[in-house]
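Visitor: For reference, the chains in residue letters:
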Amino acid sequence: MQAKEIERILDTFLLKIQKPGRYVGGEFNAVIKDPAAVKTRVALAFPDIYDLGVPNLGLSIFYDELNKMNDVWAERVYLPWEDMEAEMRSRGIPLYTLESKTPLKEIDIIGITIPYESLYTNVLTLLDLAGMSVFSSERDESCPLVIAGGHSTFNPEPMAPFIDAFAIGEGEEIFPEIIRCYQEWKRSGTTKLQLLENLSHIEGIYIPSFYEPSYHEDGTLASLTPVHEGAKTKIKKRILPVLPEPPERFIVPSIDVVQNRVAVEIMRGCSRGCRFCQAGFITRPVRERPADMVIRSLSAALEDTGYEEAALLSLSSSDYRPIQDLVTNLHDLYQQRKLNIALPSLRIDTVSVDILEQLRGSRAGGFTLAPEAASEKIKTTINKYITEEQLLQTAEVIYGRGWTTIKLYFMIGLPNETMEDVQAIADLAIKVIKIGRRLVGKRSQLNLGVATFVPKPHTPFQWAQLDDPDLVAEKQALLKNALKTPGVKISWSEPDSTMFEAWSTRGDRRMSNVIYRAWQLGAKLDAWADHYKKDAWMQAFEENGLSPEFYVHRKREANEIFPWDIIDTGVSKRTLRREYENSLNGVLRPDCRTGCYGCGIVQAFHDIQPEEESVRWFCPVPEKG
Amino acid sequence: MERIRITYEKTGAMRYTSHLDLQKVWIRALLRAKLPLAYTQGFHPTPKVAYAWPLPLGWGTKGELMDIWLDDPEGKEADPEVFIREVNRSLPAGLRILEIGKLPYSDPALTIIIQSAVYQIFFPEIKDMEELNSKMSLLMSQEQIERERRGKIYDMKPLIEDWSCGKTTDGEIFMAIQMAARDSAMGRPDELAAALGFDPFAVNIIRKKYILQK
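Heads up: the protein sequence lines correspond to chains A and B, in order.
256 is the number that my numbering gives to position 256 of the first sequence; each next residue is one higher, with no gaps.
180 is the number that my numbering gives to position 180 of the second sequence; each next residue is one higher, with no gaps.
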């Protein structure tokens, strides 16, 4: 089907579809190029609906960057909602790019971002709806090259058979390298195998078909071995030594999406070392953008988009050295205009309250803090230690300055946790709401977000098991009963989504069979609670002779080989193990800015570590000799 | 403060943007064009903009109206040509200003002075203009045209002020129809299409212009 034909047919039925504006493109800042004038056409894919895909910062960065290349046209593709999917299938409309309505199959490179695991089956829908086999091995040179990246690909194995090449780590440099490599290959007119081999020489590229796993009798991984000549034994993630200028052109959708705002990363990486936090370990080292660069690009993007909302993103905003400068300058610049600036991930202290007060006039939406734990023991276990005094003082200031709602995020199901530790969360919550009642009366509100901890790859807790579901239910019941206090609201993570995340995040290559089978049985849009098909997943496990238990509730041995060990994040496995042991032994590790613990990142990336003060990392610069 | 009436078209992909979303699209576009927008008073000041009647999702318009208020316009806003060029550059594909005019600051609202609207209804299934003509004549020969809207029966006939059939140079058959467009009496061309026996989602409707009170 041709683009013109697709456009014509869309007009005949789109009005019967929910939110048809998702499927027509034409937004402000969408890039239209002459297909005859470019060499390579890229589709940037977010494997969920438009509403979630448009605000994705990663794809916004690539869209801006790749379209600046004269010989490249990057378009966008999102997954249709199920009503649209059904119409497309019944009318034989293949998945198409939004800008030109070109069938995805005619594109050169499809770049899929997979930030979280619940998108796995959507990736299969995406490939299938494009009219291609979901298996890399069944797609030849006539099909687009399918690459994937994003945080969940730090364990690429569960998606190994579906993706041609994974790009691990930060994409700003590697994506153009992939395109150049593709262009050279295209000129040579050789096989797909040759293309994959060429790509495998790029640092950070993992070609899953070049590796084969073998398993011990107990089901654990024995090895993941290169079976193609020249395939690397470890894939080192890519990082940028210095953060580049952020994108200034953002798509401004003509329909409402989940976040209508300009987002600027002020810092990448985190030096805190919270042991549950995957992002904190896989995005090292810490790199800041200078405050003037942030302000310049934010101002330009606001002018260019007309948005009245902005977000300054990082894993730990209070650790951004020029935070005070940045906030004061933004305040001076935008106090006239009704601009709403979000600054998430602030430390729990009174300075944060001053900062947020300067940033936004409105106190709607409440003040969010993430202590994660309440008892001394668990605070030490997870290595996020905020004293109770500090938290209560902060709450005092927040309510005292007129906020009526505080949101606190906690986790349950952490290693070593007992009922006393959970009780401590309730006790702390009651202390907080009492402050609220005293200072703002009955309007005061405390919202508790209580997530169930899921052990993630590349973190010290990768050896830990997920807490038993019955115990989790008991812990939730404890909190529910202890917190019938007026003004306190609790929200939980769904037990099903916890289980799903737990098995998919630490899955091996056999998990791909489960994903494929569950997808065949109708599992899709798993991130949408009402769509999650538990039966399909259970059947898929059973038919493949696998058990969720193995992936979820099994404590790993110290020397176990993990499927994701093939990926080298720079932080050594030895460091992670030491941190795991520290957590069990009650040993705290202060912020690594106060002293380097030798996690491995400097050794891994010493060759690109900048020495100039303005762009230096927080890591020590080793002597060059 | 100055009041400017904008005549614009909404076509192509923009037809799939609802009236509610359209309002955000306009505000952002006007901010991008850096116009000195006047803001409403009150706790949550927003740019002062007034729209005409909402256009249902999927319909196009070639003569839509809206009013905006500017604080002490000077510079580019003063010259209509420059104004149109600058704002059009800030609009997404499918949204385009056709003309602007100044009017007294406190003239009555658009929704008060609009009397009628002229629509074009395209019927992809019809190949012969006479067929449409006779269907419509038959409908109009009835004493009353009873239709239902939101559970209420009403007579459509008095809402139809004028009609004729036509053919574009591409051979597409359409009906040009003028219907009442007042708060108390709102003609709906899709309901007319249904009365003629067509699937109201399968016809293509364009609002051509409004007729204002003299």
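Please note: incorrect hints may appear among the correct ones.
On the chain A side, residues computed to face chain B include the following (Cβ under 10 Å) [what the hints assert, rightly or not]:
# : residue
1 : 16
2 : 26
3 : 253
4 : 304
5 : 307
Derived, one-sided and incomplete: chain B residues facing chain A with beta-carbon distance under 8 Å [as the list claims (entries may be wrong)]:
# : residue
6 : 16
7 : 104
8 : 180
9 : 202
Where chain A lies over chain B, by a calculated footprint (3+ residues, C-beta under 8 Å) [to be verified]:
#  : segment
10 : 106 to 120
11 : 130 to 140
12 : 164 to 178
13 : 183 to 190
Source of the hints: derived by calculation from the structure; they are not laboratory data.
Where is the CB? At the ideal position from N, CA and C, for every residue including glycine.
Visitor: Would you mind marking each hint as holding or not holding in the structure?
Guide: Hint by hint, here is what the structure shows:
Because the beta carbon of residue 16 of chain A sits about 6 Å from the nearest beta carbon in chain B, less than 10 Å, this interface hint is met. For the restraint placing residue 26 of chain A at the interface with chain B, the shortest Cβ-Cβ distance is roughly 3 Å, inside the 10 Å limit, so the hint holds. Below 10 Å, beta-carbon pairs count as interface contacts, and residue 253 of chain A has one with chain B at about 9 Å; its hint therefore holds. A least Cβ separation of about 7 Å between residue 304 of chain A and chain B falls short of the 10 Å threshold, and the interface hint therefore holds.
For the restraint placing residue 307 of chain A at the interface with chain B, the shortest Cβ-Cβ distance is roughly 7 Å, inside the 10 Å limit, so the hint holds. Interface restraint check for residue 16 of chain B: the shortest CB-CB distance to chain A comes to about 4 Å, inside 8 Å, so the restraint holds. Here the hint on residue 104 of chain B is broken, as its CB sits about 28 Å from the closest CB of chain A, past 8 Å. With its C-beta approaching chain A no nearer than about 24 Å, residue 180 of chain B sits outside the 8 Å limit, and its interface hint is violated.
Nearest Cβ of chain A to the Cβ of residue 202 of chain B: about 7 Å, under the 8 Å cut. The hint holds. Counting residues of the segment 106 to 120 of chain B whose CB lies closer than 8 Å to any CB of chain A gives 0, so the stated coverage by that chain is violated, three being the minimum. As drawn, the segment 130 to 140 of chain B meets chain A at 0 residues by the rule of a beta-carbon pair under 8 Å; below three, the given contact is violated. Given a C-beta distance limit of less than 8 Å, the hint that chain A covers the segment 164 to 178 of chain B is violated, as 0 residues qualify and 3 are needed.
With 0 residues having a beta carbon nearer than 8 Å to a beta carbon of chain A, the segment 183 to 190 of chain B misses the requirement of three or more and the stated coverage is violated.
In this structure, the hints that do not hold are numbers 7, 8, 10, 11, 12, 13, in rising order.
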